[in-house]
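Residue 1 is where the sequence shown starts when you use my numbering, and the numbers rise one by one after that.
Rather than coming from a laboratory, the hints here were simulated on the basis of the structure. There may be inaccurate statements among the hints.
[Claimed, not checked] Calculated pairs, DSSO-like style, for lysine-lysine (alpha carbon to alpha carbon, straight line, at most 27 Å):
{"id": "1", "residue 1": "Lys292", "residue 2": "Lys141"}
{"id": "2", "residue 1": "Lys312", "residue 2": "Lys333"}
{"id": "3", "residue 1": "Lys231", "residue 2": "Lys266"}
[Said to hold, decoys possible] Beta-carbon label-pair distances, calculated as ranges:
{"id": "4", "residue 1": "Lys130", "residue 2": "Leu374", "range": "23 to 31 Å"}
{"id": "5", "residue 1": "Lys356", "residue 2": "Asp107", "range": "46 to 54 Å"}
{"id": "6", "residue 1": "Leu374", "residue 2": "Gly136", "range": "26 to 34 Å"}
Idealized CB from N, CA, C, for every residue including glycine.
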Amino acid sequence: MKTVGIVAEYNPFHSGHEYQISYAKKTLGADYCIVVMSGPFTQRGLPAIFDKYTRAESAIKCGADLVLELPAVYATASAEIFAEGAVKILQATGIVDTVLFGCETPDMSKIEKAADILLAEPVSYVDVLKESLANGESFPKARALALASQGITGIAEDPNNILAIEYVKAIKKYNYTLTPVGMQRLGAGYHDLDLNGVHASASGIREHIFSSSNTDFLSQIPDTLKDNYMKVFQNNCYLSPEDFSLPLLYALLTHSSFDEYSDCSKELSNKILRSVDLYESFDSFCGILKSKDIAHTRITRVLNHIMLQITKEFSEESRTLETAPYLRILSAKKTSEELFTAIKKGGYAPMVTSPKVALEQLHGIELEIFKKDLFSADLYRSILSQKTHQKLPNEFTRKFSLIS
């Protein structure tokens, strides 16, 4: 049984994602495709545009066989921690043999070499990294310059390439049996907002939904999902960072320091404290905090960690786990009985289908990670309920879905 794993956010699910699942099945010959997907909040530190169940069900309807949730402590972290958490889950299923990822430059020899350098951290690499940071470069730019000093160029600047390197690095670091496979990312670039052409970016689709009253974005959505996405759009059942402006402000006003939170330095903590009186909204505050040496994504990630109360200590302890804390099912195909049986037989982590049971069975840091997932889901649900004036089911009343 060949099983391919994909790590995704599906923010939102679009035609490019459908193509990747098709590639896993048709080109790689996968019998099953398992997806590890972010929950309510994403790696950029922003809320997902649609709730996690809508996104998971979209993947199943477009060819995936099982969608597992990437816990919030990993899903909202840096590329390194994000990739480690996702790869641990794929390995913990006991049946995934291949990890498929899209990237701008699917040159596996370059990706492998970059991963080796980041693992070994030779002195010459570290020296350039430190010098670049001292010169005011952001960490992503400094790391790209340091890799360039080792002969690795044109690969560490693009978001999907960065994640590809981190997936391979995580596999090497933990000596996992997973085989990494890079796939050429087709269509628009990661930050491209144009909806024309084949496979627009998720960023472009989100921007269109947030800023337009028309449904042009549906041209980028698989046919099987268009009716559902139309309903979601017409009923305003989607969220943007601005919808979380008040929860974030509350978190900022109830602290006298922020350097305990993941990714937040003492300098950034002080800048937040000095600037909080200027706060108007989530987006505008990010603009106030932005500077040459701090990437925008790091700022949004830090603010998200403050809002979700993800501390450095909690994040670091979560990384010490040798395997996934659990396998939380969000959606699956009804025809995946063989898959469930194989995971139950060969998996390395408990399978979570009921939050109530999970709270009774999990212990230690695994339990704390799960409680953070529940808190994140409750916050997201409460904001969505307030926006739509609908009473939405919580984590204890909403069951994972089985799709025909």
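Verification of the supplied hints:
no.: 1; hint: Lys292 with Lys141; verdict: 10 Å, holds
no.: 2; hint: Lys312 with Lys333; verdict: 37 Å, violated
no.: 3; hint: Lys231 with Lys266; verdict: 45 Å, violated
no.: 4; hint: Lys130 with Leu374: 23 to 31 Å; verdict: 40 Å, violated
no.: 5; hint: Lys356 with Asp107: 46 to 54 Å; verdict: 47 Å, holds
no.: 6; hint: Leu374 with Gly136: 26 to 34 Å; verdict: 40 Å, violated
In the structure shown, a violation is registered for the earlier hints numbered 2, 3, 4 and 6, in ascending order.
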